[in-house]
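> So the chains spell out like this:
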Amino acid sequence: MTARLDRVPPTPPEETRRRPADPPHRRQAWRSRLYRWDVKGSPYLYILPFFGLFAVFGLFPLVYTAVISTTSWSPRKPGSEDVSVGLDNYTKLLSDDSFHNALINTFGIGIISTVPQLLLALGIAHLLNYKLRGRLFLRMGVLVPYITSVAAVALIFNQIFARDFGLLNWFLQPFMDNPLDWRAEKWASWLAVSAMVTWHWTGYNTLIYLAAMQTIPYELYESASIDGANKWQQFWHITIPSLRPTIIFTVIVSTIGALQLFAEPFLFDTTRNNNGGSERQFQTVVLYLYQQFWTNGRYGYAAAIAWTLFLITVVIALVNFLLVRRIRSADD
Amino acid sequence: MRKSGIVASLVGTALVLTACGGGSDSADPNGEVTLTINVFGDSFSLPDNRSLYDEYEKAHSGVKIVENRSDFGTHHQNLQARLTAGSGTADLEVIEVGQVSGYIGQPDKFVNFKEKDVDTGQWTESTVQRASTPDGGTLIGLPTDIGGLAMCYRTDLFAQAGLPTNRDEVSALWSTWDEYVALGDQFVAKAPGVKWFDAGGHLFTGVLGAEKETYYNAEGDLVVETNKAVKNAWDLTVRAIEDGQSAALPEFSPEWNTGFQQGQFATITCPAWMMGYIQGNAADTKGKWDIAKIPGGSGNWGGSYVTVPSQGKNQDAAVELAKWLTAPEQNIKLFKSIGNFPSQKSTWEQPEVADFASEFFSGAPAGKIFPESLENAPVQVYGPQSGVIGGTFSGALNSVEQGTDPDEAWESAMNDIKAAAGDG
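In order, the protein sequences belong to chains A and B.
Numbered according to numbering that gives the first Met the number 0, the first sequence terminates at residue 331, and the numbering increases by one at each position without gaps.
Numbered according to numbering that gives the first Met the number 0, the second sequence terminates at residue 423, and the numbering increases by one at each position without gaps.
Calculated from the structure, these hints are not laboratory results.
As the structure is a computational prediction, the values presented were derived from the model and not from experiment.
All C-beta atoms, glycine included, are put in the ideal place defined by N, C-alpha and C.
It is possible that part of the hints are untrue.
FRET-style restraints, in silico, Cβ to Cβ [stated by the list, open to error]:
| hint | chain 1 | residue 1 | chain 2 | residue 2 | range |
| --- | --- | --- | --- | --- | --- |
| 1 | B | N375 | A | V143 | 57 to 63 Å |
| 2 | B | D184 | A | P173 | 29 to 35 Å |
| 3 | B | T83 | A | Y45 | 33 to 39 Å |
| 4 | A | N319 | B | D220 | 46 to 52 Å |
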């Protein structure tokens with residue numbers, strides 16, 4: 000503390016400060032000022048494009064959506080754009096059974112798609128970490144589902160899960176009296192949508208895990224095997240603990256992705272009513288938002304859904320963050 | 000007259016293209032114009048037949064027509080999205096009759112055909128009124144076709160089930176919808192594996208095709224919950240579903256399309272435009288279909304309007320094309336090639352229409368069947384959310400097909416409708 004105080008330069012005498020600086024002096028002052036601006040200002044200048052774009056494409060829509068959510072705007076009702084309804088849309092939303100249903104669907108599908116997805120990714124990454132023939136080819140191979148467009152994936156999965164001429168029902172034929180209508184039952188439709196999500200994202204998470212695994216020092220495994228640990232014990236006691244930060248990262252990213260699930264259930268409902276099944280069996284929150292906005296033309300209500308989902312996501316991200324902190328502190 | 004119009008339109012287009020704005024008339028009359036048209040289903044062409052566009056291009060050098068086709072729901076959603084956004088629509092956009100009232104509230108987003116020298120007298124007053132603002136000052140679209148109702152059926156499947164195949168005999172068997180469902184019971188008993196009709200939602204809409212007021216009354220109030228006609232149609236459909244008559248293939252879904260090809264159902268409520276749909280989807284079933292009268296004798300389902308969004312760059316050329324596409328001569332050609340029935344009553348008497356028999360449908364005299372059906376068909380009342388309500392009913396009936404209790408399905412449909420078409 001005191002040492003720091005000592006380093007403060009002594010203030011120049013009053014006289015010298017008041018006296019106008021001569022030209023070279025002034026130039027030097029100008030230069031140093033420029034230099035200071037450069038040091039202090041440049042970083043802000045460098046990040047300005049991001050924040051500029053964020054303001055236009057992130058902040059403005061966010062605020063505008065909030066404004067819309069307090070109106071009863073519908074393009075099918077002339078003049079409804081300017082009618083303010085306060086927080087009516089939000090109170091309506093709280094008692095909206097379809098919204099509750101969409102929330103349950105979102106969390107349900109989220110759990111049964113994220114958990115197997117991450118477990119699978121962990122297992123596959125572990126296998127790919129061995130010295131295998133054609134390792135590069137295999138590692139690239141797991142990424143193929145990820146780089147395939149969701150629409151193409153949905154096209155195939157719609158064939159697999161079709162009621163009448165579907166591949167899966169063809170396999171199940173010997174065990175069932177009637178073909179299973181995958182879109183009719185809640186659990187069946189959840190499984191089908193989750194299968195699509197898992198198929199799409201497993202490879203991506205595999206690659207992240209694999210990259211993290213390769214940073215684990217080989218000596219750890221070596222000494223473990225000298226101590227007599229088998230492969231399974233090595234995986235459980237060395238690989239998993241070392242991957243903890245990566246696992247936390249993938250859990251958070253997958254959770255947020257699951258909350259915003261849209262494309263798969265959207266494409267799985269082939270009627271294009273955006274109802275997510277005849278009785279909203281697999282309608283997620285974003286699909287419900289989409290239906291209210293596009294199909295039903297309720298702009299105000301849809302905006303309220305969007306904002307509510309945003310708040311839910313923030314809360315869950317916070318919970319995630321707190322959990323992560325606890326895991327870290329348990330580590331110390 | 001037409002020629003001068005075209006020249007004017009080309010000049011107008013060139014003006015926009017060269018972006019010189021103010022009334023300069025030095026524009027290049029040979030400027031190339033590409034007109035885009037967004038459609039759902041077979042409005043003016045079949046997937047392998049765009050002869051109508053080719054004809055227009057040949058007669059109007061410098062005009063190129065590009066059609067973009069998407070499914071019914073997506074098409075109307077995209078249109079609304081692009082209208083709200085203020086950019087992205089095609090030069091011409093087709094709107095279905097049940098949807099059009101949702102767009103009338105936005106008249107400034109469309110070219111007003113009242114100012115475009117259109118003879119609205121060629122259509123019935125009610126047809127024009129549907130696409131006009133309440134004061135009648137703005138007409139946002141020109142009527143294309145009209146969907147007179149009939150019943151298409153598979154003669155081969157009828158023969159297998161021991162039913163008569165002759166269209167007059169068949170028509171006599173279902174003079175009412177109750178008889179139709181009763182015949183369905185008879186059919187399913189004798190033809191295991193094949194269903195009587197495609198989807199509950201489709202039957203439901205067909206039954207309502209004979210009603211003037213369905214979801215809205217003439218005053219524009221939502222009356223769906225109290226309207227006896229709606230509940231009767233619902234009950235009839237539910238009865239047929241519970242008797243195992245429905246193939247439960249949601250309308251306009253890929254499964255539905257497959258159903259045509261695989262012969263999963265024996266009858267389908269057939270608005271005139273359905274003829275094109277079947278031909279496009281199941282070309283291999285040619286000669287296996289025939290057309291009988293609709294139970295009850297009359298009805299209408301659908302029809303479309305061609306609009307020109309006012310955000311378009313080639314408005315004048317687009318208006319010219321819209322007028323041409325909806326002119327009687329073109330409507331007659333479309334009827335013969337696709338099945339879309341002309342909305343101009345004046346054409347119905349012409350031998351080209353009246354004597355037309357469809358080869359695909361075993362020589363059924365389509366030119367006689369559809370005018371007869373339309374003769375007593377009511378002028379249906381639509382409201383801004385008619386399309387949404389129809390979709391809700393289709394979904395609800397599909398849930399009954401999947402095993403939901405019909406009363407529960409009705410209840411939840413009513414809740415959905417109130418939420419969508421209520422105050423906000």
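> Now tell me if each hint is right for this structure.
Status of the hints after comparison with the structure:
Between N375(B) and V143(A) the CB atoms are about 60 Å apart, so this pair conforms to the stated range of 57 to 63 Å. The hint said 29 to 35 Å for the Cβ distance between D184(B) and P173(A), and at roughly 31 Å that hint holds. Distance hint check for T83(B) and Y45(A): the Cβ-Cβ separation is about 36 Å, which falls inside the suggested range of 33 to 39 Å. A hinted range of 46 to 52 Å for the beta carbons of N319(A) and D220(B) is consistent with their spacing of about 49 Å.
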